[in-house]
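There are 2 protein chains.
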Amino acid sequence: MSRLNPHEVFVMFLALGVLIASARALGEVARRLNQPSVVGEILAGILLGPTVLGYFAPDWLMFLFPPEGPNAIVLHGFTTVAIALFLLVAGVEVDLSSIWKQGRSAVTVGIAGVLVPFGFGFGLAWLFPQWTGYASVTTPLIHALFIATALSISALPVIAKILMDMNLFRTDMGMIIIAGAVFGDLTGWILFAVILGMTGATATHTMGVVATIVLTLAFAGGMITLGRWLIHHLLIRVQAHTMWPGGVLAFVLTLGLLGAALTEWIGVHAIFGAFLVGVAIGDSPQMRAQTRMVIEQFVAFFFAPLFFASIGLQANFSRHFDLMLILTLLTASCAGKLAGCSLGTRLSGMSWRESLAVSAGMVTQGTMGIILGLLALRLGVIDNRLFVALVVVCLVTTMMSGPLMHRILKRRKTACLADVLSARNFVHRLQANTREEAIAELSQVISQASGLKASAIEQAVQARERIMATGLGKGIAVPHARMEGLTRPFVGLGISIDGIDFDAPDGRPAQIILMMVSPDDDETAQLELIADAARIFRKPENRKNALQAKNFAEFLSLIKSER
Amino acid sequence: MSRLNPHEVFVMFLALGVLIASARALGEVARRLNQPSVVGEILAGILLGPTVLGYFAPDWLMFLFPPEGPNAIVLHGFTTVAIALFLLVAGVEVDLSSIWKQGRSAVTVGIAGVLVPFGFGFGLAWLFPQWTGYASVTTPLIHALFIATALSISALPVIAKILMDMNLFRTDMGMIIIAGAVFGDLTGWILFAVILGMTGATATHTMGVVATIVLTLAFAGGMITLGRWLIHHLLIRVQAHTMWPGGVLAFVLTLGLLGAALTEWIGVHAIFGAFLVGVAIGDSPQMRAQTRMVIEQFVAFFFAPLFFASIGLQANFSRHFDLMLILTLLTASCAGKLAGCSLGTRLSGMSWRESLAVSAGMVTQGTMGIILGLLALRLGVIDNRLFVALVVVCLVTTMMSGPLMHRILKRRKTACLADVLSARNFVHRLQANTREEAIAELSQVISQASGLKASAIEQAVQARERIMATGLGKGIAVPHARMEGLTRPFVGLGISIDGIDFDAPDGRPAQIILMMVSPDDDETAQLELIADAARIFRKPENRKNALQAKNFAEFLSLIKSER
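Protein chains in written order, with my numbering: chain A, -7 to 555; chain B, -7 to 555.
Calculated from the structure, these hints are not laboratory results.
Hints may contain errors.
[Said to hold, decoys possible] For the chain A half of the interface with chain B, some residues (derived, Cβ under 8 Å), not all of them:
id : residue
1  : 9
2  : 65
3  : 297
4  : 549
Even for Gly, the Cβ is constructed at its ideal location relative to N, Cα and C.
Chain A extracted, bound-state conformation (with noise of 0.2 Å):
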């Protein structure tokens, strides 16, 4: 039989092993700078790809990632399951029933945000379409018919990310935007297996371009109806009489391999049948949360950043990079979706504030962009000029829509402890022994982060306490005050094992410290991270294993793994 002799089992597991390193290391430095994962798992991809790797260590990039052989076959093999999989995961966010619940303002913003930039990218790219990187290697049709779709397409993981993060996923807003988005995306993919099966390049055997398409429509029409029906009360079955969670885990990852490998033989990409399960499996009751969360952890840990930073060594991106056609087609895309949503959210009532805000989150093709991008080269529809500008394309719009909708609806993220904590603002052993000792040792903490005075912070704090004190019960204890010239809250946290009185209702001393100041006019994040607190350490082992932690990091990585 065929198999990988050793040395190429060794560079197997090295390249899998460096791609998802590097992905992940990457992807942490996004998040950190407020971008999506990502963005840092692709950049990692075009590092290690011949764009910057082939270029200074070319005989490296040959070894870890051989254009030839089984080596090349067997990464491709798993960026294609990887990727088969994310949609699967995609998929299974989209909640149908929302398109349904939203009504008209969903549809009308789904259609008019679909119709309008398809419409815009078809006719910029069918009359210019020197200007779209028309390249030869298709029919104009076809190329016209590419360019509309991936102008039109969304990226809803994306999108929900970012409505998460502002706490408007469960907002009416938030739904019509979601509605709107997975609307797009089912046309999108619909739209794109027409194409692919117009094109031909992925049929199996020879079946006519009309059967294709019209296999295609009714496997997604069946899936989404009774498909959707079957897996319910299959799902039901399986949860009963296997073993839990793992027997609905393996049901769920089969159905997904095995419409992957049905669409593949329809003749439209694997990815597509991954996806239309997903959708099928969504808003089953039946998927619990902890299956849903063991899938979507592996799948979002393992194999996306295996299949994003995979992207980048498709193509160099510095030799096919054309300035001219990335900035016509980011226009292009702006332009089509700022207008489509636009309209759809004005005609079904929305301020314009709002209306914006929508357009903004719509704006973004991230993933799913690149991933039809990434389809199209390798099927042959377009180019590598025009899938490094695609790429890009779609990086600097994920890039750009949750800043931008940060600054419309001027909304910000919940205050969390995690985040607002550093080493140097926790004070691993507290020295004070009094309230007031307490007091002005954090005192001087905040204010070197702040700027502010530790004497006026202390005088602001003390008179607060004076009001009324602030121990919590359980060893917990919250001194605060807003003090003007702030722009955002400052905190410190210090931990006493042998307690500071802070006058709590059950009489215990405090041993975690948390003090806080906060701007003047801004109290919500005060009382988030408050909140925040006592969630974490009303739970006696929490209490036991922050006395316990020996440094920040194992502190952090308590509240951490609390979220």
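Starting from the structure of chain A, add chain B where the hints point.
Leaving out everything else, chain B in the frame of chain A:
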């Protein structure tokens, strides 16, 4: 770049889907028959491989699992990564500190449990190589060393699972078995690494045998000392500074992949590195339950079935079936293990009965023996006949071990509601309005299953009820009685939407009524079932869902997800 064409992508998804689906389905069947899932998973592979599918439909076999070409390579890539991740998880389950805690006993059991079967196996294979399947594919010395290792290895994950099922995992005896098995496994794998080094079969470059052995021992020693310390400290940092729990997940998986790459490069198999990385991670308190659960579930229900099913694809189990060889190896395996373990356990002061139980536990070579056999086959150390014999011996010892221990110790699994309920003893809507009517109605149900007269059951339960009412409060009642002529407990569970008064302390009528009769001399099961019901229905959300369940499957799936 070399990549899979659409047809190959289709076959890849189909093959993966079919392998996992069949393996899981037969795995569940095995579990129903009180056997480890792995037995069913391997059987699925034998059905899908040359033995059965290849006999009845050779074309299908060629289509789904072609022996040559890109699909064979991709499948080998996936199963190799799968087995490395399985060994990573097996390593995580090893608790190194338990070896030290059990001190002399564990070391005695471990050494005797490895040395005696090793010496026995070596002697047998050296003196009578034709009896142990020597086939001139390697030297007699390597053959003897391999047989000795195969006979002395034990299957830690299977043993741990059996002990947990019997509630012996946290007892002294359980820890001695585990510690002995850990010691045996570590020794066994190191021995195997040495054998591989001697054959030079996996060397990726011209490194000497001595260098390979030295590097292997250095890596093993380094991982369980310095590596363990380093990983523990890195884990704290990773948990503190990355997204949770995914950051830790990706970190652990990356380490596993890189460890696998390193040992493959050294010239021993990749799984050895993954296993040692797992051992080094294993007892770090920073590996929180949630991260551990995500990895274990995904590996156990996606990668492991994939790997174990693929074993059956490797050889024709009927053509290479050699009954004499199997019986010889089986006898040698049991004799060596029983002698060694009995000696060790007796030396450490256990009673004969306990000593026999421990030996029965250690007899199973289970998954580890199979992995060893597969590696040896792939590296040309053994032929198909010996491979098939080893797999069969491992399957038989795995199936033997649990029942043997059960019989010797007369232990049983803790009774739980999910195991005793069935569609036949579940009454979706009780017609009864009073306590007496409810007891009469459920007596009918229990009568059908147990063969006792309904009137006798009713009388006994009523009598018990008069002594003290069995309403637990919160809408739950547990009428019960002990009766002669039973060999095990029988239950009936009925739901009453309007509720029936059972004199509960909180005065609320019972909506969930669990009735039980149990043998005269066994009160344990009854108490365990009552405790299980109380645990599940204590949560208001579960009570609500139980009342809303539309049928038995929905009710059972609710109970299972609360395990």
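Going through the hints against the structure:
1. 9: holds, 4 Å
2. 65: holds, 5 Å
3. 297: Since chain B brings a Cβ to about 7 Å from residue 297 of chain A, closer than 8 Å, the hint holds.
4. 549: It holds, given that the least Cβ distance between residue 549 of chain A and chain B is near 4 Å, below 8 Å.
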